[in-house]
Amino acid sequence: MIRTFSSIDVMYLVAAARWTLALTATAFCGSALLGLVLAIARISPIAPLRWLVAAYIYVVQGTPLLVWLFVIFFGLPLLGVSVNPWLAAAIAFSVYGSAFLGEIWRGALISIARTQWEAAASLGMSMSQQLRYIIIPQSVRIAIPPTVGFLVQLIKNTSLAATIGLVELTREGQLTAAGTYMPFAVFTTVACIYFVMCFPLTQWSRSLERKLDVAR
Amino acid sequence: MSLVDIQAISKSYGSLPVLKDVSLGVAKGEVVAVIGRSGSGKSTLLRCINGLEPIQAGTITVDGVRVNDPKTDLRKLRQEVGIVFQSFNLFPHLSVCENITLAPRVVRKQSPDAAREVAREVLHRVGLEEKLDAYPSQLSGGQQQRVAIARSLAMRPKVMLFDEVTSALDPELTGEVLKVLEAGAGSGRPGGHDHDPRHPRDGLRASVRLARRLHA
Ligand SMILES: Nc1ncnc2c1ncn2[C@@H]1O[C@H](COP(=O)(O)OP(=O)(O)OP(=O)(O)O)[C@@H](O)[C@H]1O
Ligand SMILES: [Mg+2]
Chain A
1004 MIRTFSSIDV
1014 MYLVAAARWT
1024 LALTATAFCG
1034 SALLGLVLAI
1044 ARISPIAPLR
1054 WLVAAYIYVV
1064 QGTPLLVWLF
1074 VIFFGLPLLG
1084 VSVNPWLAAA
1094 IAFSVYGSAF
1104 LGEIWRGALI
1114 SIARTQWEAA
1124 ASLGMSMSQQ
1134 LRYIIIPQSV
1144 RIAIPPTVGF
1154 LVQLIKNTSL
1164 AATIGLVELT
1174 REGQLTAAGT
1184 YMPFAVFTTV
1194 ACIYFVMCFP
1204 LTQWSRSLER
1214 KLDVAR
Chain B
94 MSLVDIQAIS
104 KSYGSLPVLK
114 DVSLGVAKGE
124 VVAVIGRSGS
134 GKSTLLRCIN
144 GLEPIQAGTI
154 TVDGVRVNDP
164 KTDLRKLRQE
174 VGIVFQSFNL
184 FPHLSVCENI
194 TLAPRVVRKQ
204 SPDAAREVAR
214 EVLHRVGLEE
224 KLDAYPSQLS
234 GGQQQRVAIA
244 RSLAMRPKVM
254 LFDEVTSALD
264 PELTGEVLKV
274 LEAGAGSGRP
284 GGHDHDPRHP
294 RDGLRASVRL
304 ARRLHA
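As they're listed, the protein sequences go chains A and B. One gets this note's numbering by counting positions in the first sequence from 1 and adding 1003 to each. One gets this note's numbering by counting positions in the second sequence from 1 and adding 93 to each.
Do not take every clue at face value.
[Claimed, not checked] Example chain B residues on the side facing chain A (calculated, C-beta under 10 Å, incomplete):
hint, residue
1, 113
2, 143
3, 164
4, 165
5, 181
6, 197
7, 264
8, 266
[What the hints assert, rightly or not] Pairwise CB distance ranges (calculated):
hint, chain 1, residue 1, chain 2, residue 2, range
9, B, 152, A, 1061, 32 to 38 Å
10, B, 150, A, 1209, 28 to 34 Å
11, B, 114, A, 1143, 28 to 34 Å
12, A, 1081, B, 205, 52 to 58 Å
13, A, 1054, B, 233, 55 to 61 Å
Keep in mind the hints are simulated off the structure, nothing from the lab. In this text the structure is predicted, and so the values were computed from the model without any measurement. Quick reminder that beta carbons are idealized off the backbone N, C-alpha and C, glycines included.
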């Protein structure tokens, strides 16, 4: 039965956008936790650890996110691990995001002068104290604009989860378009909703960048 | 026995030899100035004493502890060896008070109140109590240097290493700061004891003071 694209459908799209945001938030937390570990491992004094993490980052950055989604969603069940679309998407996006955040944050960490490490070490601080009290607080300022930029990419990339059947904004759009035969109107609305979520972040990232430039 | 005992050390950066067969002993309470022209290796010598730079030959012993022994806990050693860097290396994201209290709090586990008291006291000694809540970027070069001195003093180290101790100070302040250092050494002797560290290059000039201060 064909129905028209009505305000009810728009409400459903907006409701589905909550799942986009939920997936973004989950993926961001996973990416951040893993990314922080990767960033620190990348600057650790243990060379094999650095190589291992570098290899992980190059592999993840050198392969499409969509493929990771499929590998995890269709591959894990072959190994006897059952995954639902939500879990598969959360894992795939965390793997993908950790590699990017790991690189962004590593860049921020190594941008802090070596003399700051030395000054902290000379006061008897341990490696982790140097990181926690001296290096990380200073690198946060540098890391925030690119991290917000990454977040915007992440919001848009969660649309790929539609391919494994997760009903987030894009998937809801596909379903609505199939029901109404009004794909143009539906996907224009979907685009608007993505824009409303991303634009404020982009602006925020810009203003942070400007502030940092002024502070420098 | 000397508190700081340097025996025939050699140090090179890659293929650039900087220290060749340098020996030096500093007794408890003694103030020693190491003098030499720019680029002769004064900073390098001080950085070797607290283990920031590895040496290729010889031995450095501080209070009976071998600096270049892999078994040595450098963290522990550095709590007893204060260093004021040529470029001060204050922590720009922390206030003067936090710069001074951080290591006593996290390394020596002092209570925040006790650490703040010590900060007041050492700042008073360098004549900067009114700058307790300022940030390093709000201070002049000489003031930054005095905060760096206060930061080291707050750890109550057994040995203090000052790199270009009066470089950023005007003549009037130089006298003041030297008095602080001498008071720290507890020797009551005016002036330091100049020492020729048998440097590979000659043309020695007053520049760095290697000072030793008594435990208060
Ligand atoms: N990290 C480094 N890597 C390579 N060479 C270095 C390094 N640090 C210092 N050098 C070189 O070692 C030599 C000694 O440097 P050092 O900083 O110890 O001199 P200095 O006596 O403290 O000079 P100044 O009075 O100008 O401070 C110089 O030739 C310098 O170029
Ligand atoms: Mg120097």
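Broken hints, numbered, in rising order? 1, 3, 4, 7, 8, 9, 10, 11 and 13
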